[in-house]
Every structure is written in C-alpha cells, then in structure tokens.
Amino acid sequence: MTAKIAVQGLGHEYVNPFTRERVLALDGLTLDVADGEFLTVVGPSGCGKTTLLNILAGLIPPTRGAVLVDGRPVTGPGRDRGVVFQEFAILPWRTVERNIAHGLEIQGVPKVERAAAVRRFVELIGLAGFEKKYPHELSGGMRQRVAVARTLAANPEVMLMDEPFASVDAQTRITLQEELNAIAQATRKTILFVTHNVEEAVFLGDRCCVLARRPGRVKALVPVDIPRARRTWKLFTSDPAFGAMKDRVLRLVREEVEGGGGDG
Amino acid sequence: MTPHREAVVSWVVVLAAAVAAWGLAAATLPLPEYYLPPPTAVLAALGDLVAKGILPTYVAESLRRMLLAALLGLAVGVPAGLLLGMSRRVADFFYPLLNFFQSVSGIAWLPLLLVWFGFGERTILVAVNYTVLFPVIFNALLGVRSVPPIYVNALRTLGAPRWRIVRDVLVPGALPSIATGMRLGLAYGWRALIAAEMLVGAHGLGSAS
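If you read the sequences in order, they're chains E and G. Count the first sequence with my numbering and you get residues 45 to 308, in order. Count the second sequence with my numbering and you get residues 140 to 348, in order.
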C-alpha cells in the first residue's frame, strides 16, 4: 500500500528577517504516513515542526525534496489537507455555525446540507447551544473546538494540526485530547499532529515521530501499541506501558534539547 | 432618567452655561461690539439670514458638496485603498505617499488651487474631494494590511479562491479601519469645505457672513 503522505528528502532553508542569518530548518527529512494513521510529531522548539506542517499544507514551498499526498506532489494549499492552527484562526466576525460551515460554503455545498453538517459537528464537538455565538463570546478551548469542527466539516483527506491545544488551560487540554482521540477513532482520518508536549504526542499518536533539532530530520519513530478505545486520561496515567512509552520518547527529546545546546 | 436623556440634559446645561458666559463677557468687558458681539446680535443675524432664505440655500449647497465627496470616497477611495493594500510590496510603496497627502489638508493647497482652478466651484470641489479621499484610501489600505495573515492562510487551506479571500476575510477585516477613514475624511473634508467657501466666496455655508 502506498503512503497517504510521503515526505521525501525534505529540506528547507530560509533567511531570518531580523538577524539576516540563513537558517537550515529541515534537512533530508523522509517520512511516510499511512492512510488512517494518527502520527504525532514531537521535538524541541526550533526543530522545524511548524515548518514541516506549513510545507505539508502547501503554505510554504520547500527548498529541497518533495511532499506527496495520495501520490500527487503538493504545490499549494488545497482542501484535501485541512489545517488546525496553533493561533486562533477562526474568523471573529462569523458566528460559530458560519465558521464551521465556511469550508462547505467555499465548496459550494447547498445551504440545507451545510446546516445538517453544522448540526452534526456542533454535536460531535460539544458546542450545541453555541451556534449563534461569536468567537469573542467563547473560551479559548471552545474556540479551538470550533476550529477543529471547521476543518472536519470541510471533510479533508488529511488533517494537519499545529499544536492546536498549546494555548488552552491544562484541564481543557485533557478534555480536548480525549475528544480528538474519539474523533480520530470515529472518522479514521489521516492526522499529522505537531506538538512539543511529549505526553500529548504519546497519548494521541499511533506512532510518535521524534525530530532532531536544527536542522530538523527524523530521529526516531516510536510506535504506540495501545488501542484507541483504551486511551483515556485515567488509563493513560495509571497504565505502566503508557508510562514506559512516555519516558522513552521524553528521553529522545531530552537528548535533542541537551545535545542542541540551544534554548530548548 | 435613561443614560441617553442624561447626556442630552448635561449637554444642554453646558451649552447654556457657555452662552451665558459669552453674554456676560460681551456685556461687561470694555470692548467695541464688533470685537465681541453679544449672543443676541448673533441670534438676530441668524434670524435675518434664515428669513431672507440665504442660510437654508447655503446649507443645502454645502451639504450637496459634502455628499458628493462622501460618495466619491465610498465609490473610489475605499476600493482604491483595498486594492493597494492587497499586496505588501505595493502597500509599502504607496504608504508614505498616501500618508503625506492625507496629512496635508486641502486648505493648505487652496492658494495653489485658486491659481489653477480660479475662484469658483471647481476649486471648492477639488479641495473637499481631495481632503476626503486621502484619509479614506490610507485607512482602507491600513485596514487590509492589519488583517492577521493567519485568517488568509486558514481560508487558503479550506480551498478558497482569491476572490473569496477578498470577500470573506480582507473586506470584513478592513471594515473598522474603513469606517475610521470615512469618519476622519468627512471631518477634515467639512473644515476644508467651509474654508474653501470662505475664500472663493461662492454660495455655501463658509460664505454666509
């Protein structure tokens, strides 16, 4: 079977606009993501995680190498690859329901079908009753739920998530992680999820990809052989297998932080 | 009392106090009347202008010129600003130029405008439309540039074509700034209009003296 996403010898170099230095963010990064797989990408800050995700999204062109989705090279953004950004990227002048339906609106889906999709995803994401609210009336966690629902509703082949839960409080983050886990199980979407949080990476990933820092490349791929159904925060914190996995990934990331001699 | 009525009442009180202070100063200060006419004289002159039908005509004249400038600002200034704001490089190029022209009021150009267009309607219209147009263009451009790029990227990843990004992100995102531009443009434009009418002496509020 061919990979859903194939990253081949990816390299990216850019000029830092402030220091005017050339930065090699990624170098020779090769990675396959299987259809329906949930791959988490973890690494210290400055390892090029977000660069990788933006290249996959088609928002920046790589300087070397290629990215294939379903065997076709990525040349720009497209609705086959939905993105959930780290910052709040839902439109503040649209209500919850109009934000969620935005992708479908762009695709030209008729109003009746859009309304049905909104109902479904509002339910799935736990926002029933908030359809008419504007983003500023919602908490940070709820806003990210809307962003996830908007991406899901557009029904992309692949979901790319860039530290989507980094700016919500710890309690909400756990809830969102459990919800995303349930969504992944229900939709069987191919998901590439970037994070600097090792616990999050192990909790969510079918495999966990540890990136080496500067230039970013694959340091290790750690399979997490724990069924989705068993992935609840309660079990996660009590199961020794989970604990061992987390320690292993954490050790790999720590090597990069210490070995890199940077800010971590 | 509702907050709105409260504001109206305090506004009337302040106005009455100011007129009273003016009247008191005119009555007690040892100045000739042409130096500081009392409120009663001004009121009489106002009554006279209204009775002769001059003031209503002049007000209508001025409002017509203002309305024309406002429409031009909306129809030309807003689209021009939006268009120039779409590309960062184009915006960077025009920014200092637009900032210069929006800072130099039409009043400052009046001596030159009089030489170019003479003592007539054309000078007034050029001065007013110029004064309205530049803040409108400038702020529409700023509005587009201030839309967070993440909104544009979010729409691109949803598969939105260019026109869709303009309609759904750039225009609504620039709207508050466009409103500011219109407000400033009309405020500056009104002053330029009165000044131009005073100098040119054509019909209009500025010449009603």
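Everything labelled a hint here was simulated from the structure, so no lab data went into it. Please read these numbers as outputs of a predicted model, since none were measured by experiment. Mixed in with the good hints, there may be bad ones.
Quick partial rundown of chain E residues pointing at chain G, CB under 7 Å, derived from the structure [stated by the list, open to error]:
(1) L103
(2) I104
(3) R123
(4) V127
(5) E131
(6) G147
(7) G170
(8) F174
(9) A198
Glycine is no exception: its CB is placed at the ideal position from the N, C-alpha and C atoms.
Going down the list of hints, with the structure as the test:
Checking L103/E against chain G by beta carbon gives a least distance of about 6 Å; that is within 7 Å, so the hint holds. At a threshold of 7 Å, the smallest CB-CB gap from I104/E to chain G is about 10 Å, leaving the interface hint violated. Checking R123/E against chain G: minimum C-beta separation of about 3 Å stays under 7 Å; hint holds. The closest approach between the C-beta of V127/E and any C-beta of chain G is roughly 4 Å, which is under the 7 Å cut-off, so the hint is satisfied.
Proximity of E131/E to chain G holds as hinted, the smallest CB-CB distance being about 5 Å (cut-off 7 Å). With a least beta-carbon distance of about 4 Å to chain G, the hint placing G147/E at the interface is held under the 7 Å criterion. Look at G170/E: its Cβ only gets to about 21 Å from chain G, farther than 7 Å, so that hint breaks. Taken as an interface hint, F174/E does not check out: its beta carbon lies about 20 Å from the nearest beta carbon of chain G, beyond 7 Å.
Among the interface hints, the one on A198/E holds; its C-beta lies about 6 Å from the nearest C-beta in chain G, closer than the 7 Å criterion.
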